[in-house]
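Keeping their order, the protein sequence lines are chains A and B.
Numbered per UniProt numbering, the first sequence spans residues 1 to 470.
Numbered per UniProt numbering, the second sequence spans residues 1 to 454.
Any given hint could turn out to be false.
[To be verified] Only some residues are given here: those of chain A computed to face chain B with a beta carbon under 8 Å:
id: 1; residue: Ser71
id: 2; residue: Leu88
id: 3; residue: Leu91
id: 4; residue: Gln93
id: 5; residue: Asp129
id: 6; residue: Asn130
id: 7; residue: Ala136
id: 8; residue: Tyr162
id: 9; residue: Pro306
[What the hints assert, rightly or not] Not the full set, but computed from the structure, chain B residues with beta-carbon under 8 Å of chain A:
id: 10; residue: Asn48
id: 11; residue: Leu71
id: 12; residue: Thr112
id: 13; residue: Ala116
id: 14; residue: Ala153
id: 15; residue: Glu276
id: 16; residue: His280
id: 17; residue: Val283
id: 18; residue: His286
id: 19; residue: His387
id: 20; residue: Glu391
Think of the hints as simulated: they come from the structure by calculation, not from any bench.
Ideal Cβ placement from N, Cα and C applies to all residues, glycine included.
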Amino acid sequence: MASSLSPPEKASYHHRHSSKRYSTNGNVESSSVSDFVKRPKISPQNYISCSEIESEFSHHDPEFARINNGSFGCCPSSILALQRDWQLRFLRQPDRFYFDELKPKISDSRSVIKRLINADHDDEVSIVDNATTAAAIVLQQTAWAFREGRFDKGDAVVMLHYAYGSVKKSVEAYVTRSGGHVIEVQLPFPVNSADEIIDRFRIGLESGKANGRRVRLALIDHVTSMPSVVIPIKELVKICRREGVDQVFVDAAHGIGCVDVDMKEIGADFYTSNLHKWFFAPPSVAFLYCRKSSNGGGGVADLHHPVVSNEYGNGLAVESSWVGTRDYSAQLVVPSILEFVNRFEGGIDGIKKRNHESVVEMGHMLVKSWGTQLGCPPEMCASMIMVGLPVYLGVSSDSDVLKLRTFLREKFRIEIPIYFRPPEDGEIDPITGYVRISFQVYNKPEDYHRLRDAINELVRDGFRCASLSS
Amino acid sequence: MESGERRNGDSMSHNHRAPKKPRLAGLLTESDIDSEFAHHQTGVARINNGSFGCCPGSVLEAQREWQLRYLRQPDEFYFNGLRRGLVASRTVISDLINADDVDEVSLVDNATTAAAIVLQKVGRCFSEGKYKKEDTVVMFHCAFQSVKKSIQAYVSRVGGFTVEVRLPFPVNSNEEIISKFREGLEKGRANGRTVRLAIIDHITSMPCVLMPVRELVKICREEGVEQVFVDAAHAIGSVKVDVKEIGADYYVSNLHKWLFCPPSIAFFYCKKRGSESDVHHPVVSHEFGNGLPIESAWIGTRDYSSQLVVPSVMEFVNRFEGGIEGIMIRNHDEAVRMGLMLADAWGTNLGSPPEMCVGMVMIGLPSKLCVESDEDATKLRSYLRVHYSVEVPVYFLGLRDGEEGVKDKDSGLITAYVRISHQIYNKTEDYERLRDAITELVKDQMTCQNLPSG
Numbered sequence: 001m002a003s004s005l006s007p008p009e010k011a012s013y014h015h016r017h018s019s020k021r022y023s024t025n026g027n028v029e030s031s032s033v034s035d036f037v038k039r040p041k042i043s044p045q046n047y048i049s050c051s052e053i054e055s056e057f058s059h060h061d062p063e064f065a066r067i068n069n070g071s072f073g074c075c076p077s078s079i080l081a082l083q084r085d086w087q088l089r090f091l092r093q094p095d096r097f098y099f100d101e102l103k104p105k106i107s108d109s110r111s112v113i114k115r116l117i118n119a120d121h122d123d124e125v126s127i128v129d130n131a132t133t134a135a136a137i138v139l140q141q142t143a144w145a146f147r148e149g150r151f152d153k154g155d156a157v158v159m160l161h162y163a164y165g166s167v168k169k170s171v172e173a174y175v176t177r178s179g180g181h182v183i184e185v186q187l188p189f190p191v192n193s194a195d196e197i198i199d200r201f202r203i204g205l206e207s208g209k210a211n212g213r214r215v216r217l218a219l220i221d222h223v224t225s226m227p228s229v230v231i232p233i234k235e236l237v238k239i240c241r242r243e244g245v246d247q248v249f250v251d252a253a254h255g256i257g258c259v260d261v262d263m264k265e266i267g268a269d270f271y272t273s274n275l276h277k278w279f280f281a282p283p284s285v286a287f288l289y290c291r292k293s294s295n296g297g298g299g300v301a302d303l304h305h306p307v308v309s310n311e312y313g314n315g316l317a318v319e320s321s322w323v324g325t326r327d328y329s330a331q332l333v334v335p336s337i338l339e340f341v342n343r344f345e346g347g348i349d350g351i352k353k354r355n356h357e358s359v360v361e362m363g364h365m366l367v368k369s370w371g372t373q374l375g376c377p378p379e380m381c382a383s384m385i386m387v388g389l390p391v392y393l394g395v396s397s398d399s400d401v402l403k404l405r406t407f408l409r410e411k412f413r414i415e416i417p418i419y420f421r422p423p424e425d426g427e428i429d430p431i432t433g434y435v436r437i438s439f440q441v442y443n444k445p446e447d448y449h450r451l452r453d454a455i456n457e458l459v460r461d462g463f464r465c466a467s468l469s470s
Numbered sequence: 001m002e003s004g005e006r007r008n009g010d011s012m013s014h015n016h017r018a019p020k021k022p023r024l025a026g027l028l029t030e031s032d033i034d035s036e037f038a039h040h041q042t043g044v045a046r047i048n049n050g051s052f053g054c055c056p057g058s059v060l061e062a063q064r065e066w067q068l069r070y071l072r073q074p075d076e077f078y079f080n081g082l083r084r085g086l087v088a089s090r091t092v093i094s095d096l097i098n099a100d101d102v103d104e105v106s107l108v109d110n111a112t113t114a115a116a117i118v119l120q121k122v123g124r125c126f127s128e129g130k131y132k133k134e135d136t137v138v139m140f141h142c143a144f145q146s147v148k149k150s151i152q153a154y155v156s157r158v159g160g161f162t163v164e165v166r167l168p169f170p171v172n173s174n175e176e177i178i179s180k181f182r183e184g185l186e187k188g189r190a191n192g193r194t195v196r197l198a199i200i201d202h203i204t205s206m207p208c209v210l211m212p213v214r215e216l217v218k219i220c221r222e223e224g225v226e227q228v229f230v231d232a233a234h235a236i237g238s239v240k241v242d243v244k245e246i247g248a249d250y251y252v253s254n255l256h257k258w259l260f261c262p263p264s265i266a267f268f269y270c271k272k273r274g275s276e277s278d279v280h281h282p283v284v285s286h287e288f289g290n291g292l293p294i295e296s297a298w299i300g301t302r303d304y305s306s307q308l309v310v311p312s313v314m315e316f317v318n319r320f321e322g323g324i325e326g327i328m329i330r331n332h333d334e335a336v337r338m339g340l341m342l343a344d345a346w347g348t349n350l351g352s353p354p355e356m357c358v359g360m361v362m363i364g365l366p367s368k369l370c371v372e373s374d375e376d377a378t379k380l381r382s383y384l385r386v387h388y389s390v391e392v393p394v395y396f397l398g399l400r401d402g403e404e405g406v407k408d409k410d411s412g413l414i415t416a417y418v419r420i421s422h423q424i425y426n427k428t429e430d431y432e433r434l435r436d437a438i439t440e441l442v443k444d445q446m447t448c449q450n451l452p453s454g
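In isolation and in its complexed conformation, chain B is listed as follows (with noise of 0.2 Å):
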């Protein structure tokens, strides 16, 4: 199915080798883009690329080869194999990102273990008594749930302090996020408390913005915040990483959303200082105390193929023009493309403007469909997903007090909106299915209210 001919465990009947290149043969046309993705379901408008990713027929291929290699000699591949194919896969990372050194990058499942890794750390700065109570962690009202959570379970729990910044949205410019964050600092700051931790989204998940995070984390800097996180799931292969431009203490992005591996790899990035960082993987393992990318490369027993396919991945998008750039600028222009496409047929807006969106739009939804709650949104999104075969996330914007909102061409406000992804196996008839099934909707009179469940 894939243009390299690799026939399943009859590569690995020499022993002890690195598995097989693809043949590498030019650029990649669309029906080979198309056999990449064979295994995605036919029929399904799948624009939602940003929640679960994709990984194609070739990485998959790769990632089975370290599994059977492992399987095959399980003690040799821990004693010989392991480390070395980690390594590599963090060197590549080092150099795409810009790190100093590959000491700062650790390999860890998913951007929810990175910050299990941060808040841990935080928490027992609290504990031990090197924080004061109350002093604050200062992050945005949009931060991922699974964030938010890990916050109460390590930082509240231990009485810090927690101030949600609010994130406009729709929003219009940089400087509306970065004037509502500098409010937010001077809230954390209030009453002689210090603002130990600010987590600033890189592209932030519902609703999808780019955030101006250079400049968030040189102010965090001004304000003398002690230490940023910069929760990047969603960067790497949707946006430039350089961390020694963007500065941030510690920042993770997930490679199977967007950099084409399989479930699941993050890396997570710890600039270099002076002191002992004393942040560690929660899962201790023997190699406790030999640094964060260590003791991350050793948490048990477990199947680490896909943090060894980095090298893969990088020569399988190195078969586009442009490589991983020119993914990236694609997805953008055509994301945007689609959005105004769905924009002008509803009648509504985007969420931001094309500058400050990656391969992921906000669009805001006809207001006929009457989206009221979370609940309505789940609703709307669980009917695209049974009736029209599109998978979408949509977002519920809980307008509050004060706040105007924007109208749609009906003239009523727009409370809802979709995310759409662009990944290189989209087409443009997945959202031209999705902005018929609206308009079916609207035209139907649907509400979410009398939408049928289930």
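Here chain A stands alone, though its shape is the one from the complex (with noise of 0.2 Å):
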């Protein structure tokens, strides 16, 4: 390690009173996604310090290297105790609050949402509970259009491979079993460009129309969860908009505070990200963008909540802002996140930067301690990245995978998903699992040298995964 001091400790120290804010490709740009931030004047010693971050984080289990932040996110305690008073208002009286608060609260965090993701109206953001609820909706949405004869039987639904699980399980429940087909795009991993993903999508794209069908949906990820990739999503969409693909869905799951999501930019119909992973949130929000220029299918008025409420017909915001007596509070506590990212320097998209840069780097120790590799150049990741395990290890099935990541939680209280990539044919020696580390504000270099140390134990004591029982 070059400093002893983790990128935001750095950054903390440098004093830029510049307005510059930074892709994560590392160029300045005139952004237009955070322009309405209104940024107090914060000094540099009003920016949240190191021990105002731990303090906030103090609830973490301090036994464990937290290295999945991409999982299950994190939420600093002065936002929990913002959702406390949430919870409690409604507790306090139930009736007044459902009747006077609820309703305009949640319309005020959908309009901050609204402008941090640059949509064009209130109405084209709706609050959800996560993005496999979203995903629900839409693919319900598509069911629909099958059923009710608008779509072919037939006609496919473009996914790539490495959806994540839920989804995948959604598209069956709601495509395959009203007749849909689904094809999937097989991706390369570990992947050394972003061409390789846009040739192998073109590829899907083809299969989809062949013999006459069309393909009345692509759902892509713009982050995919395991293996993980930054997914060049502005490129894609272009292909499906000119391969006549009538509508296309991105499951940003990882989106917004992980990558940049200007929905103007991507131009997709469809957009889902959850607030609780790479936002601040507390478990569980999520926001479906649902452009209202959008075409094919039922559109956007055929957008239901599967949860039918009293509120169904008067658009899907309203209809999700009320699917029955639920605790709403995670999502009422929203305009108080971007006052929390603010306390940092360049707000949301400056830890972005400090998150991928750090990320970055800390992967490159890790392949350079156990002489292995990325699982994807650095400009195709953003606050993950995943990281070769030694091929000594031995792993080599899901079940490998699972035992070894138990393994390390119990015996050396690290937290981090390991991903198993099969063996190819001709291939020798390969890689077959990869850890995928994530950072966020609280994680520090130890975190990382931990896992470094302890995976070098295991290869020096002659660990293989096949010794692990069930």
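Grab the two chains, each in its own frame, and use the hints to assemble them into the complex.
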């Protein structure tokens, strides 16, 4: 390590008053997305300090090297406290809260999100529990179109082979069941360039259109989960438009707070992202963006929340704002989160940039120590990166990686997800296991040193995955 | 504030332990109960437990511990703690409702969600040709609005036919309801149609009546109704729930209404049958196909803490004499007593006899208030909230041609009812405040028409 300070610590020393904002490729750009953020003129001394950050996450288990922000995210204690306030407001006098406060406050949250993501209208932004719910909403709409004959049986839905497990099941439950034909686009991993993905995607679309079929929906991850790679989403959406795909749905569970999320730039019909992963919301809250001028299928008017309430028919955003008696507090704290992130230099963009730089730095550090490789080039990752495990460990199945993960958790108190990458024909001694490391504001280099050392110790001790019991 | 001493967060200083249990020190006193509900807004006559329920401080504490446990190390909790905790809650409920098997019990957010699950399934049967177009769903006209919309979204959309049975109200006996229901089933079967689903409320919401649900389900079986779904949103903690006795195919009840759980949690009972049940949670996760209880136990990253506190709730209710049964009896008796007090004071009536009430009672409002529409009812409710700090829902009874209606002591037609609730935190003063508010409005010759808005 070149310096003893982690990037966030370094940053807080550099008193930059500059209003430059950085995208993850390091270029200075005049930001359109974050323009609205009325960033208070915080002087450097008033940026959140390291000890304040520690305090905000003091409820995390201190024993653990928590390098898996990607799975469940995190929530600072000041936001948790505000969430509790909202919970108490409801409990205090729920009828009054329901009649007077709930709807306008959810609208406020939607407004904040709308501006954060550069959508045109508040109506385009619905708040739901998570990306899994958003997927059910979009896929249900597709299913109706098949059932009601607007789509021909056998018309295609194209998705990535690396799509999230829940989304694949949702496609099975809604699309396959109603007569749609599903095509999975195989992507290479490790991957060396965005072009590899773009080429494979084109091939997938072709096969979707074979035999006179129409491609009714393309379901594309912005950042795949396992293995994790940032997909060249803008290019893929353009290709979809050129090739006459009816609708494009971007699953960006790892979206806001991780990559740049600009609806107009990306140009998809539907876009969903969790806020509890990388945007410091408590569990759980996500947005589903639905472009107003969306064509194909039943259109935006046919989107419905599957949990039907008395708000049915009033538009998805309103339907989603009342799905029966629930605790909506996670959805209500969204405006406060903006205040939290603006305590960091550069706000959410600054956080993204530093997370990216740090995770790449840690990834390189691990690669060097283990003699392995990254799963993708740095420009194809955001705040997570895949790092190859030493071949010696003998990772040879999905069950191996689960057991190894459990072992690391129980013996070393390290939380890290592991991906099994099946060997391909002709490969000699390929890397078959990759860890997915995340970097978020609470992480420190020691977390990754512990992982480095744990794996090195296992290799030294002649450890093999085969030795782990079920 | 509560009798057990738990400090926020401190009890989690040792990890991986189950939330600490409160120190049980015998039965709760009145001042203990006041403490447990100290977070309720003071100065409000909160006589509407039926809408949003309540949650005592000690259960909120238990919930917070679960939340912190997750936040502390979410991966570990997901892999090691969550499923066990959910099974523990389901087991408690399964015993409480006399289900045969804990696999018959799923946890969902609320009754609205359960309705979507049942109706999606019915909708698929229509779409996939298992049911003929115009086969019927029979329900009561006063079914909860969300359920009606769900029927529109999933059944009417695919060609299913709906029959609404008009609930007689005010009602005097179970027989009145049973005979109307039989008529509804007849209509549902007319012209060679099959009644594929009957939706029966165990306790209707507005107007609120305890239904003869066992008899109605029996009639459904006798008349060849394919499936029966009992929407019992208000039931658990209000009335004894024995799902085997009731005999429905599907039964849902919210635990955050009358069983002291935080928002929100409901149990959804699906009777085990030989064939595949084809019920699925609409939010599909990787657990799809593993059975509804497992599907519902993971619908993506969520805060499942309200579903994990059920064992803590049972500890709470067991600190009352007679446990939950004792609470139910006392709530019923007090609600009826207060109802009679109000009816007497206003010269009106009860909407149903005491044996057809639970911890909620409908009481006629004086005709002089001139409630003539749903909007009037809403206006009056707001006025009571803002000017008298009384929270009580108001029901407008739209009489149809030929219906006689009931008159009050001024010989005016009773067109509206309040639905009072009694839960353990309520006091006589709450109802006296309502009594006096209405009496004052009448005395001042206020009507819904001259009530100032807002």
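Using Cβ atoms only, decide whether Ala116 (chain B) comes closer than 8 Å to chain A, and label the hint accordingly. holds, 5 Å
So, Ala136 (chain A) near chain B? Judge it on the closest CB pair being under 8 Å. Hint on Ala136 (chain A): holds, closest Cβ of chain B at ~5 Å, below 8 Å.
Under the criterion of a CB-CB separation shorter than 8 Å, is His387 (chain B) in contact with chain A as hinted? At about 13 Å, which exceeds the 8 Å cut-off, the nearest Cβ of chain A leaves the hint on His387 (chain B) violated.
Restraint: Glu276 (chain B) near chain A, CB-CB cut 8 Å. Satisfied or not? violated, 14 Å
With chain A as the partner, please determine if Thr112 (chain B) meets the hint condition of a C-beta pair closer than 8 Å. Because about 3 Å separates Thr112 (chain B) from the closest Cβ in chain A, which is inside the 8 Å limit, the hint holds.
Agreement of hint Asn48 (chain B) with chain A interface, Cβ distance less than 8 Å: holds, 6 Å
Given hint His280 (chain B) near chain A, where the shortest CB pair must fall under 8 Å: holds, 7 Å
Restraint satisfaction for Pro306 (chain A) [CB to CB of chain B, less than 8 Å]: holds, 3 Å
With chain A as the partner, please determine if His286 (chain B) meets the hint condition of a C-beta pair closer than 8 Å. Since chain A brings a Cβ to about 4 Å from His286 (chain B), closer than 8 Å, the hint holds.
Is the interface hint for Val283 (chain B) satisfied, with its Cβ closer than 8 Å to some Cβ of chain A? Hint on Val283 (chain B): holds, closest Cβ of chain A at ~5 Å, below 8 Å.
Taking 8 Å as the limit, does the beta-carbon of Asn130 (chain A) come near enough to a beta-carbon in chain B? holds, 4 Å
Tyr162 (chain A) was flagged as interface toward chain B. Is the shortest Cβ-Cβ separation under 8 Å? violated, 14 Å
Violated hints, in rising order: 8, 15, 19; the structure is consistent with all others.
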